[in-house]
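There are 2 protein chains.
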Amino acid sequence: MGRWQPDAMGRLQRAALELYGEHGYDQTTVADIAERAGLTERTFFRYFADKREVLFAGSHVLEEKLLEALALTAPSAPPVDQVAGALEAADEFFIDRVYSRLRQEVISSHAELRERELIKLASLATAFADALRQRGVSEPSATLSAEAGVAVFKVAFERWIAKKEKRDFSTLVRDSLAELKAATTTGR
Amino acid sequence: MGRWQPDAMGRLQRAALELYGEHGYDQTTVADIAERAGLTERTFFRYFADKREVLFAGSHVLEEKLLEALALTAPSAPPVDQVAGALEAADEFFIDRVYSRLRQEVISSHAELRERELIKLASLATAFADALRQRGVSEPSATLSAEAGVAVFKVAFERWIAKKEKRDFSTLVRDSLAELKAATTTGR
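Protein chains in written order, with the numbering used here: chain L, 1 to 188; chain Y, 1 to 188.
I should point out that these hints are in silico values taken from the structure, not numbers from a laboratory. Since the model is a prediction, treat every value here as computed from it, not as a measurement. Any given hint could turn out to be false.
Said to hold, decoys possible - Each computed EDC-like pair below joins lysine to aspartate or glutamate, with the alpha-carbon atoms no more than 16 Å apart:
(1) Lys154/Y / Asp175/Y
(2) Lys154/L / Glu139/Y
(3) Lys120/L / Glu117/Y
Produce the complete structure using the sequences and hints provided.
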């Protein structure tokens, strides 16, 4: 019980996602997840506050990583490009497309989880805007750039988890940024 | 009691906002709001499902108005300009800056209300993206343009309710759109 469990966190996340897919999010309990992972409920609660947080456990670490990456982008670039440049650092988090796709399907099918996702993205936009202001970008440019950057993030992520998509996340960020630029300048 | 009450809805909204400001949102009941407005609780529930919805009652009508306005913008314009053009139609809703500022202060100070606001804005972005696709804008341009347009909406609204601001909402939309364009193209 007290023994070190190799990759206990990952096993719990995969078990949770399997069960949410098989029986539905509402029908799955923490006890079910622990059992499927071959671990105890006590171990579950060492990693996650509740069954919802299994799906969002990485978001704080991701946000920190993206803010670190923002600090390394060229401050002479357009502010939206600075944010998009930071987003490319998510490549090291976005590796398992199948896991990410299943996770997004669970989130999309539950209002409570969609709300949690919106809050997470709003928090990311606020953090980007703060960081841009600290780099000397004035308002309203900082907030607009942060929000536009989060739109690029959402769209690139949706494309990345699409079936048959082979490009990595950073390629899709660059492509989505180019699409945003075209959408602000080019009509028909 | 059954009599027609002149501007009952507006009286209830102003009474609610006064009480949320004076005693806090959590401490205010529907009975308090009805009493302050000189109306019955029954009248309150004719207009609003609960005390939260008093703050969001107009959002569905606003969304419809903005979508109607989108249909009247030039389909040859860049998609982000189409959305921003639609946003200018909100001028007829955004008249009372003091009411809107107090409302936003109440929303900002409560997590539950901030979440409701995020959901409302996400719904607006989804509706804009659907409408753009129906006008022939392809993905990911439609979603990116809709999200960027909602960012312009948020920023223009924050500026519009700022103390000492005199410009009308549509002027601030045009200005925020220009700022967004600069933030996607111009570095330093």
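Here's how the hints hold up against the structure:
| no. | hint | in the structure |
| --- | --- | --- |
| 1 | Lys154/Y / Asp175/Y | 13 Å, holds |
| 2 | Lys154/L / Glu139/Y | 13 Å, holds |
| 3 | Lys120/L / Glu117/Y | 14 Å, holds |
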